[in-house]
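Participant: The residues making up each chain are set out below.
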Amino acid sequence: MKVIARLSLLVCLLAAICAAGTSSTGAPAPQAPGKNEELQRVASVSGHYGGSLSIGQRAEPKTLNPVTESDSASREIIGRLNADLIEINRATQKTEPALAKSWKTSADGRTFTLQLRKGIRFSDGQPFDADDVVFSFSVYMDEAVDSPQRDLLIIDGKPMTVTKLDPYTVRFTLPKPYAAAERIFDGFPILPKHLLEKTYRDGKIAQAWTLNAQPSEVAGLGPFRLKQSTPGQQIVLERNPYYWKVDRDNHRLPYLDALVFLSVGSEDAQVLRFEAGETDVISRLNSENYNLLVKEEPRAASQLADLGPSLEYNFVVFNLNDLSGKKLDAVARKQAWFRDLKFRQAINSAVDRDGIVRLVYGTRGTPLWGNVGPGNKLWVNQSIPHPKRSVDTARQLLKSAGFSWSKSGQLLDASGQAVEFTIISSSSNAQRMKMATLLQDDLSHLGMQVHVVPLEFRAVIDRVFQSFDYDAAIMGLGGGDADPNPEMNVWMSNGTSHLWNLGEKQPATDWEREIDQLMQQQMVTLDYAKRKRMYDRVQQLISENLPFIFLATPNILTGADARVGNFKPAVLDPYTLWNADELYIRGAGMENAGVR
Amino acid sequence: MPNRNASAARTRTVILIVLLAALHLVILCAGFVAPYDPAAQNRDLPYAPPTRLHCWDASGFHLRPFVYAWTPTDDGYREDQTRAYPVHAFVRGDSYSFLGLADTNLHLFGVDDPGKLLLFGTDAFGRDEFSRVLLGGQISVAAGIVATAVTLLVGTLVGVIAGYYGGWIDEMLMGTTELFLVLPWLYFLLGVRAFLPLHVSPARTFLLLTCVIGLIGWARPARLVRGVVLSARTRNYVLAARGFGGSDFYLLRRHILPEAFGIVLTQAAFLVPRYIAAEVALSFFGLGVSEPVPSWGNMLSALQQYSVLISYGWLLAPAAALFVTSVMYYLLADALHSRLESR
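So the sequence lines, in the order shown, correspond to chains A and B.
Numbered per the working numbering, the first sequence spans residues 1 to 596.
Numbered per the working numbering, the second sequence spans residues 1 to 343.
Keep in mind that the hints were calculated from the coordinates and are not lab data.
All of these numbers come straight from a predicted model, not from anything done at the bench.
The following residues of chain A were derived to be distant from chain B, with all beta-carbon distances above 12 Å:
#1 Q31
#2 Q93
#3 T95
#4 E143
#5 G232
#6 L323
#7 F465
#8 V490
#9 V524
#10 R533
#11 K568
Mimicking SDA-like on lysine to any residue, the simulated pairs with C-alpha atoms at most 20 Å apart in a straight line are:
#12 A:K295 x B:D75
#13 A:K295 x B:D74
#14 A:K295 x B:L309
#15 A:K327 x B:F195
#16 A:K35 x A:P167
#17 A:K176 x A:T105
#18 A:K342 x A:V317
#19 A:K407 x B:N105
#20 A:K388 x B:R43
#21 A:K407 x B:S97
#22 A:K327 x B:L196
#23 A:K326 x B:L196
#24 A:K327 x B:V200
#25 A:K568 x A:E297
#26 A:K407 x B:D94
#27 A:K176 x A:R110
#28 A:K407 x B:Y96
Built from N, CA and C at the ideal position, the CB exists for glycine as well.
Chain A on its own, in the form it takes in the complex (with noise of 0.2 Å):
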């Protein structure tokens, strides 16, 4: 059987092969460094000019136009096309200087004074100054644009304001200090006045750089430009020959001639590809694949990474909402069950989350008793408990709640209701039904009656955002940047994913309010100390609290054809080509060493 397997999966394979385009050649030769440029020089990184990497990708991108872009498909190759003023190092996870080569901080905090780089280019050639900046973040934080990074540039209901001081210097003033600091600037990248500014003013940005747009239309400061785009199919970027990094030996970055991004459609579609050796880099692996890649390591010769714990978490919510004017009287009722924090202990009590982490992740997983994980070292509580999964406990927790057992030995509660209700989880997530089926068994063992129910993840989001017809879900958040931050809008009380409970005019509980307070003075506090602790009381409530059960979270699995050169994954997003301009071919593209 596993031979057949293996012959359809192969005249899969062929047929892929067949589809396949090819990859581009005549790459634009890197401009020597010039007198007048101010470029970045890496100075640990060496490596040699030529080749190319391809990258499958599960879904297409939906557009290459960072002022839209909500996807993480579209965000891969928008972020290898553009250059942020501040970034992250997804290595060390601390910022570092991209466009802006050394910044001020005031002592309030609330103004950012940025030295940008001299006589650098955009990717065609034009040159790039304060006006760019200026206008990049006009657009991001109109109204009228409605771009999804805007709510990041509000702080406190006010937006931040940009003024450019001379042509190279350009201030921030914050409405109030923010404790990210200068964090935010990662994730805005910089756009060309010079071609979208006409655009802008017609009131099309957001129509503008579209899949089908052309590479002569599209222009960043990333290492790579556009070449080619044949939607459906692939992206085809090509070296930036202007961009404004250098390595150890002043040549300047990026080494390969092109990136290839290859719409494959799943990511089993993608294992395939890269294991037939179709694409070279591949990230958010899951256990089974990367254990199957594993396998194959020696023959392959793969540089396959676990890097542990992602920051994603994965939970069970409950419907706390305030269902009063909608026709759901059966979910109501079964609210005076999810509500007392006594029947979410017991269940928190009765989760194998062993089991998950070795039947969902295969080992390659950690079990979480909180928001956040053992991956993000700064900020994670360590002294929230890790109870061990105890089923005598949860029952004597269901007892102390006026619950009992019938004869057969159901649940039964206070009114001699059969406790029964349905879990909802989003059938194309094979890792997430896993856990409701293990849940299913976990919570049989305390009499209740748990219903699986798979549901398109349009529907499952249909009604947990909108509609709040559902008793329990599994779902999944977190794994963006490490800093508090990005959560706000899962904790704070009126945030857009404050799932539990969402759209409260004010705290529902004493415990909600606390955590709002919290994560507001967190956001403006400038120590570090000072907002751990705060940070931590924040974990502390929410673990005690239970207004998710958490269960698991996965590891970072990525790999990459040993031919791939300076590959340094990371657990932050885009876990492995934060770096393309760094990477380059083994033993590839020699002969180009002397266009230099």
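Place chain B on chain A using the hints.
Facilitator: Chain B only, in chain A's frame:
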């Protein structure tokens, strides 16, 4: 040599019916034949390969086969040969409801704890695949049979009425069948499932979906039956019976329905495997019965993952069961058809 052919076809039919009856009996008594509860998880044994049956060990040959326990290793499992677990008949184990009549815990065969007799290995949760194939067969095969019964009941009724009365009734009914034949039924079912509330018990989902499959499928048999009835209606003996004053009901029962009987039977043998496969397709799309209740369809949906498909071949067992069942039904349909021809 028509006689010889006919008797060969008859023998073939009988053999197939006996085999199918045996298969259905095993599936009907799945709880008894299966050594374990299909929902019982062994979290230490995910994706364990099928247990090997041994007759030989260091001390020689044993008439009673025995098994070893699986011990997890870094890259799978190995047999722990320190202790052998002989296979016993009629053992006590997980309790189940026998034919819905009484609760019992007697199983046809098994081994002593902590040994495990995993004839088809285990799935991602360490559940016994063999027990799940048998119990899953109950859902899948029942779905096929119930849906076929609904189809043929509706189809025959419509076909007979259309064929016998003709005229505008015929035109109207056949127009409706055309409408049903062009219906994209998968999308229709997706729509039906979306309308249902979240909380539907597996039994009700099952009943509803089979009825819907059955109700959608009636068009083809209706047209076939109509054709038979149409030609039978004008036969001389029918006309003669009518001349003697036979009522419509009498004519249908005595002369026309028996003509259609053969085609209905053939259709039945043809539709059952098709509808079993339909259940598989629906479960594959998350529209069938939900966890932890097994059906061949939801068991196969685990194989959507590439890594599972190529690493754990034993999880294809439900596909094999589906294949065997389908082939037997198709052979039966074929045998019935050739008997019909030779008449």
